[in-house]
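Novice: Sequence:
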Amino acid sequence: MITINKAFGQDPVEFNDETAADRVGARIRTIRNARGLSLAELGEKVGLNADRMQKYENGARKPKTDMLKKIAEALGVSTLALADPVTTSYIGAMYAMFELEHNFNMKIEPTDENHVPGLCLTVDFKDSLYEYMKDWYDVYAQMKSDLEVANSEEEKAEIINAYHNWEWTYPQGIVDKTEKSLEKARLKRKIAELQERYDQLDQNDSDIE
Numbered sequence: 371m372i373t374i375n376k377a378f379g380q381d382p383v384e385f386n387d388e389t390a391a392d393r394v395g396a397r398i399r400t401i402r403n404a405r406g407l408s409l410a411e412l413g414e415k416v417g418l419n420a421d422r423m424q425k426y427e428n429g430a431r432k433p434k435t436d437m438l439k440k441i442a443e444a445l446g447v448s449t450l451a452l453a454d455p456v457t458t459s460y461i462g463a464m465y466a467m468f469e470l471e472h473n474f475n476m477k478i479e480p481t482d483e484n485h486v487p488g489l490c491l492t493v494d495f496k497d498s499l500y501e502y503m504k505d506w507y508d509v510y511a512q513m514k515s516d517l518e519v520a521n522s523e524e525e526k527a528e529i530i531n532a533y534h535n536w537e538w539t540y541p542q543g544i545v546d547k548t549e550k551s552l553e554k555a556r557l558k559r560k561i562a563e564l565q566e567r568y569d570q571l572d573q574n575d576s577d578i579e
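Start counting at 1 in the sequence shown, then tack on 370, and there's your number in the numbering used here.
Everything labelled a hint here was simulated from the structure, so no lab data went into it.
A portion of the hints provided could be inaccurate.
To be verified - Mimicking DSSO-like on lysine-lysine, the simulated pairs with C-alpha atoms at most 30 Å apart in a straight line are: (1) K440 - K425; (2) K514 - K496; (3) K496 - K550; (4) K554 - K496; (5) K415 - K432; (6) K504 - K432.
Unchecked claim - Computed beta-carbon distance windows for the label pairs: (7) G406 - Q512: 49 to 57 Å; (8) K526 - N428: 45 to 53 Å; (9) F385 - A420: 48 to 56 Å; (10) N386 - M467: 41 to 49 Å; (11) D392 - A555: 34 to 42 Å; (12) E479 - E501: 31 to 39 Å; (13) E523 - N428: 52 to 60 Å; (14) Q512 - N419: 53 to 61 Å; (15) R405 - E384: 30 to 38 Å; (16) N386 - D546: 18 to 26 Å; (17) A410 - N386: 29 to 37 Å; (18) Y502 - V447: 24 to 32 Å; (19) N473 - E523: 37 to 45 Å.
Just so we're clear, the structure is a prediction, and the values are computed from it rather than from any experiment.
Backbone N, C-alpha and C define an ideal beta-carbon position, used for all residues, glycine too.
Using the sequences provided together with the hints, build the complete structure.
Specialist: Laid out in structure tokens, this is it:
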């Protein structure tokens, strides 16, 4: 179940900040191992000892930008391959999609919808990310459907604004929907229990008569 403003019991922004060093360290370790370098060898290339490099990889310390550039150069990769993706450029967006590929098994697939060549990103329905993306798609599809039958520009603007508000407050909309579904299920069970009790009393009345 998706919960609001929490990631492992924390505010998601705080969680992201506190785990940034872990993510950078994991990327350094993965690429260092792929390059066949020891901690000492990588440290020597950037002027650090193995202990400091290990602290970077373990997330105990986060390298500053200048050091991250040195490490990237020593590993023969872009600095963006080590840092958290920032989607303010095409290159940054590409690294964000690489992260989705590695962390969530997202795949890139060709499409030919309406005979227009294109590419799409897909995720296996067994992956946890599918649940999140399916909720997003449902809201997006509903927004597109509502726009097609909107009677005025003002109504269209309200529909688009509602969709953006869903994005801006995410995942509150999903939480509200989930809580509503749970409440409906609870009430349905209660109604069934009351109906069963009513039928029992009605049967007792019939027996008395």
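Novice: Is the hinted range of 53 to 61 Å satisfied by the C-beta distance from Q512 to N419?
Specialist: 57 Å, holds
Novice: Could you see if the CB distance from G406 to Q512 stays within 49 to 57 Å?
Specialist: 51 Å, holds
Novice: Can you confirm whether the C-alpha distance between K554 and K496 stays at or below 30 Å?
Specialist: Status holds; Cα separation ~26 Å.
Novice: Given the hint of 45 to 53 Å, is the C-beta distance from K526 to N428 inside that range or not?
Specialist: 52 Å, holds
Novice: Starting from the hint 29 to 37 Å, judge whether the C-beta atoms of A410 and N386 obey it.
Specialist: For A410 and N386 the Cβ distance comes to about 31 Å; the hint holds.
Novice: Within 52 to 60 Å: is that where the Cβ-Cβ distance between E523 and N428 falls?
Specialist: 56 Å, holds
Novice: Is the hinted range of 48 to 56 Å satisfied by the C-beta distance from F385 to A420?
Specialist: 30 Å, violated
Novice: At the C-beta level, are Y502 and V447 separated by a distance inside 24 to 32 Å?
Specialist: 29 Å, holds
Novice: Can the restraint linking K415 and K432 be considered satisfied, given a maximum Cα separation of 30 Å?
Specialist: 18 Å, holds
Novice: Would you check the hint for K504 and K432, treating anything up to 30 Å between C-alpha atoms as holding?
Specialist: Given pair K504, K432 is violated - Cα atoms ~35 Å apart, limit 30 Å.
Novice: Is the distance from the Cβ of N386 to the Cβ of D546 consistent with 18 to 26 Å?
Specialist: Given about 23 Å between the Cβ atoms, the range holds.
Novice: Need the status of pair K514, K496: alpha-carbon distance at most 30 Å?
Specialist: 27 Å, holds
When held up to the earlier numbered hints, the structure conflicts with 6, 9, 10 and 12 and fits the remainder.
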